[in-house]
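Residue numbers (the working numbering), protein chains in the order written: chain A, 101 to 493; chain B, 101 to 493; chain C, 1485 to 1913; chain D, 1485 to 1913.
It is worth saying that the hints were derived from the structure and are not from the lab.
Yeah, the Cβ is synthetic: ideal placement off N, Cα and C, and Gly gets one too.
Per the computed footprint, the stretches of chain D lying under chain A, defined by three or more beta-carbons under 8 Å from a beta-carbon of chain A, are:
#1 1768–1776
#2 1791–1803
#3 1809–1817
#4 1825–1835
#5 1891–1904
What follows is each chain in one-letter form.
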Amino acid sequence: MELELTEDQEFFADTTRKFLEDKATPTDLRQLRGDPIGYAPQYWRAGAELGWTSLLVSEEDGGGSISGRGLADLALVAHQFGRHAAPGPLLATNVVAAAVSRRGTPEQRAEVIPGLLAGETVATWCWAEPPPRDRLGEVGLSATPDGQNYVLNGRKGPVEAGAHAQHLLVVARAPEGLVQLLLPASSPGITVIPAQGLDLTRRFAEIRFDDVVVPRSALLGDPSATEADIERQLQLANVIQLAEMVGAMEKAFEITVEWAFNRYSFGRPLASYQELKHRFADMKAWLEAGHAAADAATRAVQDETDWAGEYTSAGKAYMGVYGIELVQDCVQMHGGIGVTFDHDMHLYLRRVVVDSLLFGTVSDHRQRLATMLERREAVETNESHEDKEATNA
Amino acid sequence: MELELTEDQEFFADTTRKFLEDKATPTDLRQLRGDPIGYAPQYWRAGAELGWTSLLVSEEDGGGSISGRGLADLALVAHQFGRHAAPGPLLATNVVAAAVSRRGTPEQRAEVIPGLLAGETVATWCWAEPPPRDRLGEVGLSATPDGQNYVLNGRKGPVEAGAHAQHLLVVARAPEGLVQLLLPASSPGITVIPAQGLDLTRRFAEIRFDDVVVPRSALLGDPSATEADIERQLQLANVIQLAEMVGAMEKAFEITVEWAFNRYSFGRPLASYQELKHRFADMKAWLEAGHAAADAATRAVQDETDWAGEYTSAGKAYMGVYGIELVQDCVQMHGGIGVTFDHDMHLYLRRVVVDSLLFGTVSDHRQRLATMLERREAVETNESHEDKEATNA
Amino acid sequence: MPETATDLEPVEDFRLRLRSWLADNMPRARRRGAAPLRPRGQMSDEEELAEVAYHRELQRRLFEGGFAGICFPKEYGGQGLTPEHQKVFNEEIWPYDYPARLQVPPMQPCATIILDFGTEEQKRRHIPAILRGDEIWMQMLSEPSGGSDVAGAQTTAVRDGDEWVLNGSKIWTTGAWWSDWALCLARTNWDVPKHRGLTVFMVPLRHEGIEIHRIEMLNGSREFCQEFLTDVRIPDSDRIGEVDQGWTVGTRWMFYEKSFSVSFYVTRPTPPEGSGDGMSVGGDTSLITEARRRGTLNDPATRELIGEAHALSLVSSEANRRIGEAIATGKMSDQGAGLSKIIGGTLGIRVANINFQLAGPAAAAWTEDSRAAGDQGVAFLTRQASQIGGGTTEMARNVVSERLLLMPRERTLDRDIPFRDVPRGPSTG
Amino acid sequence: MPETATDLEPVEDFRLRLRSWLADNMPRARRRGAAPLRPRGQMSDEEELAEVAYHRELQRRLFEGGFAGICFPKEYGGQGLTPEHQKVFNEEIWPYDYPARLQVPPMQPCATIILDFGTEEQKRRHIPAILRGDEIWMQMLSEPSGGSDVAGAQTTAVRDGDEWVLNGSKIWTTGAWWSDWALCLARTNWDVPKHRGLTVFMVPLRHEGIEIHRIEMLNGSREFCQEFLTDVRIPDSDRIGEVDQGWTVGTRWMFYEKSFSVSFYVTRPTPPEGSGDGMSVGGDTSLITEARRRGTLNDPATRELIGEAHALSLVSSEANRRIGEAIATGKMSDQGAGLSKIIGGTLGIRVANINFQLAGPAAAAWTEDSRAAGDQGVAFLTRQASQIGGGTTEMARNVVSERLLLMPRERTLDRDIPFRDVPRGPSTG
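Construct the entire structure; sequences and hints are all you get.
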């Protein structure tokens, strides 16, 4: 997280920290593993009261930030979520809340946002599709115009909270290009297939759309802006993931450093063995780099800079490797107990692994970066051409 | 190298070792760096007398092996070449000698082989092409039939000893498929462009063919067998490279272990630092795996088994990573002096790096392995289909 | 050690006799190289118990057919044959089911330790029972406080007349809940340096005072157990080796534990040499199948990863073969087994990463359609298990650098002082 | 330390004044982000000497314009301004050439050490000369026998009246052959533990008894030198700090050496913040250009590698920024600089590997057409140089684990015994 926070931000982050320390203990998480939605409804309502779902919503819609920089504030919550491997559809809800608050018609905003702010309802973004359409950005689900309606056919997944969210924001391919449609999860023709997953408390599902009829009024934003909206939503999702991942890395690292001081082998603490010390030094470096990557991405997306996508993708490409390696090495340092269910380490491992896979794998984001770099090269080549012409002129 | 050698093989390897210890000292190698061919002609003639160029040549043609397994014998020489980063066109000459002895007409064999056996002439295989055709197996050079001749147009490179070899074995694309043509380097229309290279003593060149007219009698073997011949030559080249690489790894490792015992830092030998000890343990493991990979490839190619290509490619894919990492880590262990020209370490580094890049990079061989595995999967799927049918019957 | 007398049955005669016996008596195996069996850790308890019973039955058939314990001495129920015969056995049993669960640790290190250190009576009582499948043995070796320091055992045995009273806890015992006996390393003297106060006992697992707790691993597997020993009384006649000299047994035990992969006391089905069976080259084609399913098979990035995994698998299997041969022929010290551990470690991590990367996002959350990806996700979570079980790769690196490369040993602070005075850190007080 | 009085020129006024002066007086730089300049190591001697002379000239212009040594005190020829002014200077000089060779080590650690430990006379004599570009200073620190153990210096200084007589050898001095002066760490007492017998001297490089030998690196670069000192006589007035207390100076010296990347005594052109200049995001587009040339740009495997390199470059530059800020604001100990070294190391190795892999076979042997690939091949041979120069990554890992994470220090066998009795191993007798 940022080295400097405002006092309000410190207080805000600390409130969430205390809440999670109390309500999302490792014991709680283990108990929730069989729970169909992965958290207690009152837990989520209480979190919403703390502001978890309001930070990307405009004041007009009843939301508001702590510091004037809502995404930076949300990243603080996500960081605490990572540190506690906390339950709850933080990403899903915030991404849809942001999109609806930004692009929704008054009716859409009134329909969706109050429930999200109160923690009474859940919304989720249906973008990714199951294999063989699982590379980042592939959309096969079709929206066929039929009078004032679209008819949706296809599959989405993994969709977070897909089996219990009330609102779905669905990316579909229409004749005019990609569109986003906001519809009730109860729409006829929708079948939800709960998925199994790695995270102990996050629930995912595959959602099938068979001739689901949606009115055109369900369109979120003008289709001409949909590609940009999706890009923005991806960036938001990635920022939340990055903050979570760095939180989980940090906690795993802290636990393991303490272990290394307290655990003795051959009469010496683990922390005195040079080979282990060097691995801890590397882990500390990766952790600091992880913080820097998450912060840079948060700032760039908050400020909507042109290179925001490069920072989020760089963060995902980096932490999907080094973040995971860090936590895996923490497991290794613990030996056998590190791979037992009763130890806490896997909670953080599950969190970083799941965050690394969704909304773009390492491989997806690397390819995205190449594309962005290629675009920049084209610009530079043009500029240098212009430079030359300027010189000649 | 193999754990068990015959007495004759021991003697043979030892003769080459002593010769190279005397004639290819690190000082000699440094002095040869400006030499246009990279070795003294009498050095090569003396090596040929020791048998360096005869092992893959049939007895009928004046060749012969030490143990009845010529390639295994040649691998012993290549291993010593690696240990000494020795000069001389060992790979180029042996691959062509083997091909000509196996497929050549009596005229071709009489023309080419005696000079190679005597170390008086050099032959080289022109298969690879320069970028953008530099992926393994790409052939753009064309052989256009013209009466009793072919007319060659295109480029080859890097070609080992390309600027001083007398005989070229050129892979070209003819209307009937790939062909190999054996021609004098002095043929009109050939231009040689000496290349710069990483190896201190190995010289490479790009060769351009502009309307080079070659008689059909220059064909080596029947075109219908050319693909298989090329595969065989590739495997031979890879075996020689693997043996060299493991030799260079072994020597670099030995030098560095000795250094670690003798070099003191903070009053302790480097060999007493756990982090370094663990890296030495890894290096030893990679070295043993390198030996195993090289030996398995040698045996499989010697025996012409169906899976020979899998072993050579696995070896190249493995050693192109771990072999290089081993030598680079040996450099690191030496600190600053390890990257100076006066230190010997770079001699072995250059050798493994160059061997890793030619006749298929790591990436090329990984892709080849995937293709071979895919082929095997198809066979298995068929078999399992047959199994089922057999069960049903 | 097995006899090598020339009056033994010639190897090729043995092969033919075995081949015909197997065809008549043993069930055919599922085709190897096909999709893997359900991993042990994912079986239900009922399935697991059924498999154990099945393996006991297979072992009994072998015993009755005169093919159990090829290299064990005849007087203890074995066949008294040579490693060459075992090699043939490994090849011939390749197409059949075999009692996999009764090999490691029951045959080695347990039976081999009893063979090396047991009294005549102990050997006659237990070795035939093991070879008949009546007794399944496990190792009570690691302790919760111990980590890699096996000789730092704190489970204590106190002499009481003709008996010993054991108290303490052992951990990472595979399948203790369905096994019969265990070798147990215990401390009998806290007033001498750690290696000099240990003793080994034979402990029946269903015995008063032993509570077996099954450990849940993070992937749901429950194959490991922890045992809590409270006033467990063991007769002195069930002691193996001398009192306080347990590390002599322990050293050999460690050796047997590490070298099982080259042991001729252990059955490891292998395809016959020169069979031309492509499978002898190894190679798991399931990566191809999965990539095809995900639609990525023609992506060069995917193909490179698949090829990389295949290369690593081929090379590491050749490396293990070489290292095994070098040890077997005395060209390398026994400690060279650590090299295999390192190579296996490198391979294991890299291949797990490749599988994970190829699986894609469905490894995080999967439905029935994408179960294969989910399996990779779960496997990835337990990636480190292969670096920990049977000795960590860190210990293997210590061993290779110190015992094979003869580099200076790490400083230990527990060598020359009474075990009770060894620093144990704040956590264990 | 620079003044922070409120009567200093306001930063924005300074920016405008500087901007206009630069436009009139300094030559424009080649466009940054374009193809890299020829690496130093590949210049001819003539080119190198010409560049040194050019940089001296640039420094003189800055001095005469009143812009040299922004944070150095006015009484020694500096400007007596604040780090904020230096930051502005770094931004404004971005589009211009600047005296790159006169920053590290001349300004820091050399000038800063003289500033901290020099006598008034030493400061007046040397600091203005350095700021004017008249004196270029280097560090005579490492020794051939020393490796990472800088305090183990064996170069010896013996007192002879008002002079000291130096004998020994120093190594890895950048550009000693074209520089003027050096700080030299020497041993003045062999009978005390190693840190207590050192003294620092100012040594003119063109001086009787100093022989400068240029080291050829394996890539042909000859920028490093080794100096052989034979009876070099240095007046006691050129000693810095107290006799035998050189490690007090040395500790600070090491700190300055490690922290140059966050120092405000050093000029590092940086693009103005919020300029919207895409280049502030970093990113080397030459990988794209090269892949296009090789025809592999549309290969997903290639694209993944390019993306990976770009990610590493972005993240490591953000990491360095964060670590620098944390140290500058006291949120992290100075020793945190080791983290940047580790991150740079990881990045350096991986990016070198990627470049090498993307270059293809022409990296082994190249013609004029494929020179870019050849450059990558040569760079790959020297891959480790970035892990060695300026302190090895191994030392950085020691520092981070011991100083930042406060883990137990490595055992040294040279701490509490006279330096002459320290074990040095067979190679150095």
